[in-house]
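S.K.: Now that you have both chains on their own, put them together as the hints suggest.
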Amino acid sequence: MAGNGDGVTLLGYWASPYALRVKWALKLKEVHYEYMEEHLPDKSPMLLQYNPVYKKIPVIVHKGKPLAESLVIIEYIDEVWKHNPLLPQDPYHRAKARFWAKFADEKCVPAMFRAFSKVGEEQVQAAKELRENLKILESALEGKQYFGGESIGFLDIVVGWIGCWARMTEEVAGVNMIDADMIPLLSLWFQKFLELPIIKECLPPQDKLLAHTKEFHKMLTMAALT
Amino acid sequence: MGEEVKLFRSWSSPFALRIVWALEIKGIEYEAVFEDLSNKSPLLLQYNPVHKKVPILVHNGRPIAESFVILEYIDETWKQVPLLPEDPYERAMARFWAKFCDDKVLTSIWSAFIKQGKEQEEALVAAAENLKFLEKEMKGKKFFGGERIGYVDIVLGWLANLVSIFEEIVGLKIVDEGKFPLLYSWMQDFAEAPIIRDNCPPRDKMIVKFQALLDAAIASSSSSSK
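Going down the list, the protein sequences come from chains A and B.
First residue of the first sequence: 1, per this note's numbering; consecutive thereafter.
First residue of the second sequence: 1001, per this note's numbering; consecutive thereafter.
For reference, chain B alone in the conformation it holds in the complex (with noise of 0.2 Å):
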């Protein structure tokens, strides 16, 4: 048949890894290309020229950026455990509440991580309040795509690793079990899924990375006059 799958990614990219995740749960043979971000190798530049990022899928030579286009086209390519609901209002409502995962979860928690004083207080209250929504679609299930890990699962789940990291950094708390109970078992039950459990980036090194990422924020805030 000769298919040739690469992923482009880096070793600690979020982004990248929900493809990782995709394609390990279809079961597709591929080949990892790992990048060092600093120093982008032509073939990156070239397979993605617009954006100069990672996740690249390049599937028989032809080039795919951007992590939900990406799923959504392993999806349609490998019809083999669906990510994406077979039901259009299903799937749809699956497309609105991944691009609120990324437009509003995501980016709220990083400022909360991120930021400091005000500005972090801030993060934490709007981080609140858009884990409030995600705790309320939970609605009981296990997962957001049902009894299995579907494409929010997917979307989501830098939440289940990467969360504790930035709670242990700042120390503070982002998702209070308390508060959200449904998400906080979502994300046990998440991070020890098997495939999940086993394509996850070192702990330890993840720690270095962002409280690297935090320090120069935090140096770069307090050398300019804002």
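Okay, chain A solo, but in the shape it has when bound (with noise of 0.2 Å):
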């Protein structure tokens, strides 16, 4: 770790996508950080105290002050590091990014879980939904590299997660989750995204989140059929 000279502690779980997304964007803001890792499920006295509503990670602390919910976190750390912007300038494009964000967060995280927690024909439905809602998201990159354009930004780290969790969830459930002829441009998006050496870096071992999900995997399911 690089100590904490900007004053920020991370916590964070090694399996989160969400304190994935945090990460780089204090990465691509140079931002040195604590991070410190909550063994979950037991939950620290310092989480506890400092996000006592949702009791959950990401938290990050900067000066004393902390905060949780990663997009809100993100946002904070565009604003108070000023350099590498995240979001566009223009708040047309800022909201745009927003709406995406938004969208990404509620109609695809939930759909691609469903496909992973659930069997039959709830599980077949969920993978439809996922597969027709990253359609609709792929409009969202207006065929630019990435979603910020000529280089990643804000809507890139939000939603670039997906990619990595789908190709795992869709080996562990079975399911089809990134079809390549649906939607070839985010495919090939995620693709990019995804070997990009500050994104790379950050991803957790991919053999140790593949036996989590499998773990994972198997305890959903099993309470889906009883």
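Please note that a few of the clues may not be correct.
Here are the computed distance ranges between Cβ atoms for each label pair [unchecked claim]:
| hint | chain 1 | residue 1 | chain 2 | residue 2 | range |
| --- | --- | --- | --- | --- | --- |
| 1 | A | Asp105 | B | Ser1221 | 22 to 32 Å |
| 2 | A | Met182 | B | Gly1178 | 50 to 60 Å |
| 3 | A | Glu201 | B | Glu1003 | 44 to 54 Å |
Subject to a maximum C-alpha distance of 27 Å in a straight line, what follows is the list of computed DSS-like cross-link-like pairs (lysine-lysine) [claimed, not checked]:
| hint | chain 1 | residue 1 | chain 2 | residue 2 |
| --- | --- | --- | --- | --- |
| 4 | B | Lys1115 | A | Lys107 |
| 5 | A | Lys128 | A | Lys23 |
| 6 | B | Lys1141 | A | Lys63 |
| 7 | B | Lys1099 | A | Lys27 |
| 8 | B | Lys1079 | B | Lys1026 |
| 9 | B | Lys1099 | B | Lys1136 |
| 10 | B | Lys1115 | B | Lys1099 |
| 11 | B | Lys1099 | A | Lys29 |
| 12 | A | Lys135 | B | Lys1040 |
| 13 | A | Lys96 | A | Lys23 |
| 14 | B | Lys1118 | A | Lys55 |
| 15 | A | Lys65 | B | Lys1099 |
| 16 | A | Lys144 | B | Lys1040 |
| 17 | A | Lys96 | B | Lys1179 |
| 18 | A | Lys23 | A | Lys107 |
| 19 | B | Lys1118 | B | Lys1132 |
| 20 | B | Lys1141 | B | Lys1115 |
| 21 | A | Lys55 | A | Lys27 |
| 22 | B | Lys1136 | A | Lys55 |
| 23 | A | Lys128 | A | Lys144 |
| 24 | B | Lys1104 | B | Lys1142 |
| 25 | A | Lys55 | A | Lys118 |
| 26 | B | Lys1052 | B | Lys1205 |
| 27 | A | Lys135 | A | Lys56 |
| 28 | A | Lys102 | B | Lys1053 |
| 29 | B | Lys1052 | A | Lys128 |
| 30 | B | Lys1104 | A | Lys102 |
| 31 | B | Lys1142 | A | Lys65 |
| 32 | A | Lys65 | B | Lys1141 |
| 33 | B | Lys1179 | A | Lys55 |
| 34 | A | Lys96 | A | Lys128 |
Since the hints were made in silico from the structure, they are not lab data.
Every residue gets a Cβ at the ideal spot worked out from N, C-alpha and C, and that includes glycine.
M.R.: Written as structure tokens, this is what we have:
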């Protein structure tokens, strides 16, 4: 760890995509921070103190003041450290980025989770919904290299983890989520994004994540069957 | 200057009302386009193809959907009477609380209204827990925004007029003055603010609408086997 010269601490969990996207934001802004791993499902007194409302990670603490909710944290990071802006400057383009971030979190992610945790017809429907919503999300690329344009920005780091987790859950849950024929541009973007060194080096170890995902899947689908 | 601002709304949508309040507070000239949501106009579908909902703000021909996204756009485009705080940490906390209001407070209070039996009891308990957090956050301020109405007040504003309507229809106390004195007095102060008072849908019409929604929910839950 590089120490917390900027006075930033990040409470996270190695397998959390929400903590990951905060890590990406901090990395892109070259912010030095101290990382503290929560050993979930046990929650440290610090976590409960800093996020009494949700009791979840990620939480950042900057100059002693805590913040929770990954999108709120990312916008805060963008406002405090102004170089390498994540959100566009223009209010209309900022609005579009925020719109699509909300769409991804509210429409794509729950469908992905249901496709992962359910069985039978429910799973089939959830996977279909996910593929359709990813198709809609693809339109936000508007033929650009990245959602941020020539280089990655806010929406790329908000949505990018889906590519990694979807591939893993496809393997574990046996369902198609990223259909390259249906979403050729988004598929390509997922690949390019996840290969970027700055992005790749923050990803959790893939074999560990696969094992963790398998365990989690077993637990969830057993609950679904009883 | 040629500013053209249109707001697609319905007569009763609490989400669209947030935008009405924001525009009025900032003194922005706009044209309200009332939609019949049972018969959506081609323009609505063109401007919000993803969600097909109101509110939609159209500024000089460019549409923006999702009330939080629109509120931030308005605040960034028209800088008078700022809705969000200046300080990045305070801004982040305002965003955090706004999200909490929609994700937790609104959903639990809606469930407390629309559900029956055990589900309703559980929703009431959840609502009370969520309201406790808001009560604490008031910290003796007049509004969440401080001395004047701000972003969180606008987002939570539905509480000030809808909760008494819900309470009247179901005959249950949701926001008890004894348990939540600060929140209760906030509800009065907010509802009485001139801009809010002058921009609220007629109470009798709202009672009819929500009674009908509740009747439909009861009918469908008793006719379907769970």
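S.K.: Just to be careful, I want the Cα atoms of lysine 1099 (chain B) and lysine 1136 (chain B) compared with a cutoff of 27 Å; is the pair within it?
M.R.: 16 Å, holds
S.K.: Has the given pair, lysine 128 (chain A) with lysine 23 (chain A), been kept, meaning a C-alpha gap of at most 27 Å?
M.R.: 31 Å, violated
S.K.: For the pair supplied as a hint, lysine 1118 (chain B) and lysine 1132 (chain B), is the alpha-carbon distance within the 27 Å limit?
M.R.: Judged against 27 Å, a Cα distance of about 21 Å means the pair holds.
S.K.: Taking 27 Å as the top limit, are the C-alpha atoms of lysine 1136 (chain B) and lysine 55 (chain A) close enough?
M.R.: 17 Å, holds
S.K.: Mind checking the alpha carbons of lysine 1141 (chain B) and lysine 1115 (chain B) for me, to see if they're no more than 27 Å apart?
M.R.: With a Cα-Cα distance of about 33 Å, the restraint between lysine 1141 (chain B) and lysine 1115 (chain B) is violated, given a limit of 27 Å.
S.K.: Is the Cα-Cα distance between lysine 1115 (chain B) and lysine 107 (chain A) 27 Å or less?
M.R.: 24 Å, holds
S.K.: For a C-alpha distance cap of 27 Å, please report whether lysine 135 (chain A) and lysine 1040 (chain B) respect it.
M.R.: 24 Å, holds
S.K.: Assess, step by step, whether the Cα of lysine 1179 (chain B) is no farther than 27 Å from the Cα of lysine 55 (chain A), and give holds or violated.
M.R.: It holds: about 24 Å lies between the C-alpha atoms, which stays within 27 Å.
S.K.: Tell me if the straight-line CA distance from lysine 65 (chain A) to lysine 1099 (chain B) falls inside 27 Å.
M.R.: 19 Å, holds
S.K.: Holds or violated: the 50 to 60 Å window for the beta-carbon distance between methionine 182 (chain A) and glycine 1178 (chain B)?
M.R.: The hinted range 50 to 60 Å holds for methionine 182 (chain A) and glycine 1178 (chain B), with Cβ atoms some 56 Å apart.
S.K.: Holds or violated: are the alpha carbons of lysine 144 (chain A) and lysine 1040 (chain B) at most 27 Å from each other?
M.R.: 32 Å, violated
S.K.: Checking one constraint from the list: CA of lysine 96 (chain A) to CA of lysine 1179 (chain B), max 27 Å. Satisfied?
M.R.: 40 Å, violated
The structure fails to meet hints 5, 16, 17, 20, 27 from the earlier list, while all remaining hints are met.
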